[in-house]
Amino acid sequence: MWQNSSTQKSVVSTTISNAVSSINQATKTTQESVEKVKKAATYYKVKAGDTLYSIAKRSNTDLATLKSINRLSDASKLSVGQQLLLPSKADVTNQVEKVASAEKVQTQVTPTTKHTTQEKAKETVATSGSWAWPTKGKVIRSFSASSRGIDISGKEGQPVYATANGTVSYAGNGLRGYGNLILIVHANKYISAYAHNQKLLVKKGQQVKKGEQIATLGKTDTDTPKLHFEIRRDGTPVNPLNYLSH
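Taken in order, the sequence shown gives residues 1 to 246; the numbers are from the working numbering.
Note that these hints are calculated values from the structure, not bench results.
Hints are all accurate, no fakes.
Subject to a maximum C-alpha distance of 27 Å in a straight line, what follows is the list of computed DSSO-like cross-link-like pairs (lysine-lysine):
| no. | residue 1 | residue 2 |
| --- | --- | --- |
| 1 | K77 | K189 |
| 2 | K203 | K219 |
| 3 | K77 | K204 |
Construct all of the structure, not just a fragment, from the sequences and the given hints.
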């Protein structure tokens, strides 16, 4: 319990002061690390149909790293002709780890208030084994470094579902090799991808719920009807089978 208002104000003042100090140090570390990455980077000129997701995939770059060194927060706001920094592989790993560590400190020291029931629900939505299967069918291609996801066989027109609650960040066919593609952003920095769809039933910015139909299965940019499904954590591909309910 608070002893009196003076004690309360003193504790709050000290807490805020410590938080600001930690944030300033974390920001300095982040900026220094980002600058080192930039010195070892090359430039890429954005073309029509590009997304930050597609650029990261083609350049074999971590999405979070690409966003950090270009100071981008919204992958959809790219413009044709825009210059993006692509980090070279030399010495980038250490710098990225420093950036991630500094950003983690910034997140940890941010003053917080009480969490609502809704916020707590969002935090637990992306736990292992809690994701719904995006469609019915047999897994015909397993997760690997090259596949970055799994392929599920099916029939043209069968439903494709959102695997967890989230917001549609992309719905279109601008990424070569993926056909009609949907990207959904989830809690805890997760993104799910649904490729080769026949028909897209959602639009960018639309909120979807777990199990809601978002598309029909198809074979756009591929030879047979199937769904290519990916889950990414901080831009890094993870094995969907570790997250899907059994």
